[in-house]
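Using the sequences provided together with the hints, build the complete structure.
These are the residues of each chain, in order.
Protein chains: 2
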Amino acid sequence: MTAPFSFTLKATDGAARRGEIVTPHGRVQTPAFMPVGTQATVKGLAPGEVRSTGAEIVLGNTYHLMLRPGAERIAALGGLHGFMQWPLPILTDSGGFQVMSLSALRRLEEHGVTFRSHLDGAMVELTPERAVEIQMLLGADIAMQLDECLKLPANREEIARAMQLSLRWAERSKRAFESAERGGRALFGIVQGGDDIGLRGESAKALTVMDFHGYAIGGLAVGEPQKVMLTIVEETVPLLPHDRPRYLMGVGTPHDLLEAVARGIDMFDCVLPTRNGRHGTAFTRHGAINLANARHASDARPLDEQSAHPATRTYSRAYLHHLTKANEMLGAVLLSTINLAYYQELMAGMREAVEAGRFGDFRDETMAGWDRGDISVL
Amino acid sequence: MTAPFSFTLKATDGAARRGEIVTPHGRVQTPAFMPVGTQATVKGLAPGEVRSTGAEIVLGNTYHLMLRPGAERIAALGGLHGFMQWPLPILTDSGGFQVMSLSALRRLEEHGVTFRSHLDGAMVELTPERAVEIQMLLGADIAMQLDECLKLPANREEIARAMQLSLRWAERSKRAFESAERGGRALFGIVQGGDDIGLRGESAKALTVMDFHGYAIGGLAVGEPQKVMLTIVEETVPLLPHDRPRYLMGVGTPHDLLEAVARGIDMFDCVLPTRNGRHGTAFTRHGAINLANARHASDARPLDEQSAHPATRTYSRAYLHHLTKANEMLGAVLLSTINLAYYQELMAGMREAVEAGRFGDFRDETMAGWDRGDISVL
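First to last, the protein sequences are chains A and B. Numbering-wise, this note's numbering comes out as the position in the first sequence, counting from 1, plus 158. Numbering-wise, this note's numbering comes out as the position in the second sequence, counting from 1, plus 158.
Where hints are given, some of them may not hold.
[Stated by the list, open to error] Some chain B residues flagged as far from chain A (calculated, every beta-carbon gap over 12 angstroms):
id: 1; residue: T199
id: 2; residue: R319
id: 3; residue: G356
[Said to hold, decoys possible] Per the computed footprint, the stretches of chain B lying under chain A, defined by three or more beta-carbons under 8 angstroms from a beta-carbon of chain A, are:
id: 4; stretch: 226 to 234
id: 5; stretch: 250 to 259
id: 6; stretch: 388 to 399
id: 7; stretch: 490 to 496
Hints were generated in silico from the structure; no laboratory data involved. Here the structure is a predicted model, which means the values were calculated and not measured. Every residue gets a Cβ at the ideal spot worked out from N, C-alpha and C, and that includes glycine.
See the structure below:
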């Protein structure tokens, strides 16, 4: 599998899209959800288990990996694919988001951002060029431009400044990417502009002119209400080229995914299924279930006897409750697996629904299942 | 597989033995190592992964499970086999050891022991009869008598008193077991007597008269030097019936296993492979390897390319080092798996060696491998 990056739109239903991404490490059916493998591991899960959930692509974090174990080291060890033994596609973020959220003593300049590592306090510089270089060293199938992420709320002037800087960094990222050994890999631009529709439009239009392989919408899911996020998505998507994948970064809940696909998004990543799994929450067809709740203590039923994944249909709620209460590692492992499997089931359901021209019905049925909740037979 | 418990000795080589245990949930080849599943889970590993290491039996902890989630609850949920989805044999300890090591405010009487739960402070009573009842509720294939475990060093008088009490509890355990719904299950007696050979002999002889399905040597690996432990084993084993399995509780390092099998032990359990795995130590043919050590940071070699287990021959030392340094859950999961697989490989090697009448050579070769160490090609 050494085909260069491509994207094919296979079907649409309203704004919702069904597509296929081809990468040097294989194909990804869209809409797609990418499990987050921050430090070269989806937390707690071996690659085979991640695959078992139906995932076709995972996300790696430039920021974390450049600091530990280092991009050059990973390159020498076979790239991120070889290092973590994940043979399928990988997308890496550019580090922009984590520089803003995790590091201290940032100095933001036109040239790039200098920050103090949260691990050892070393001063590290990240420029658009270095971010691309790192992602090529990691061997990402899809790399992201370096951008400046703001926390919302922020004032319009500040949002505009960050968006403009991100555009100039997009240009430099693209130039760096084009002079690198690309090997069929892709680079995505990132639309910024906070919660300001005008600025978002300006960003989307300028990036479209630059002609990226795909387009992300960044700087959302950073504290704003879902309605604001969906409005931004709804207004931004039509400004992006129809023939390129659209990636909503860091989103979200199952409901977010449903609503964003309805508005034309093709790709997602989020820590929710794994992070919340580690804290005892299961995402299911019946909605979110808090397994720490005592009502599950004697419940012999699995979370979903109809699930295609063995973990979801095998272990009793009572056992998952026990593991959660006892703070057992296996609880985190199983609930992460169960949640990723549900996310993938949801994505597969959306893909089928778009193909069948019944996305609206699927959305209604899925939400009705969540609303009906976890009806107990006890 | 609903055959009643039995033990068949298949071969011997010096004092070392090769046998087979039959239980209602299947067969166990001996010498056998039992991974520890304290709270109804081998920490971090799904049952299929435990099985992948070659384990044929796991251990569950009466003390932990009676307190959480409760023996009656587990019974209602299909017993421990159904609860944790482990279909193969299970041995449960009686709780005696954990009462001494984990609980506070113990009151030890002839009748039993009353203690304060380390979880919620509730006062709980454990008697020989209740310990058997709990283990039958859990559905253990092999149950253990309640005993009193002392920490060493202790004075002879105290050791003698605890040993005598354990003998009286053995009698009561046996009576309780015989009036229970046994379903082909087994009950083992536990030899006590600390580091006093005379008391050990007294205990072994009295238990032999009581006619248990198997015999454990308890109260070792509690702080005494390896030489003391092995001397006790060497002196005790000949006093136990030849046609019953012998189980050395809570032992040990790979070297302990080798030396104890050489002295006629058939069964072991120990937290070392999983606990030390969680802390970054791998047990291998090359000895113990501390993966936190910086020398592994760029080492692309797997821990053992000749291992039968994919985890051992697939992931690079550099990756395991990275996961360990980054405190990633997957590091604990993989090293636990790798260590259990090595323990099982060691047991399988010992079984083959006894069958082939070359146990002495196998012991020498194995120890030479450990001594040669982890030769770096870098």
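> What hints, given by number in increasing order, does this structure fail?
Replying inline: 1, 5, 6
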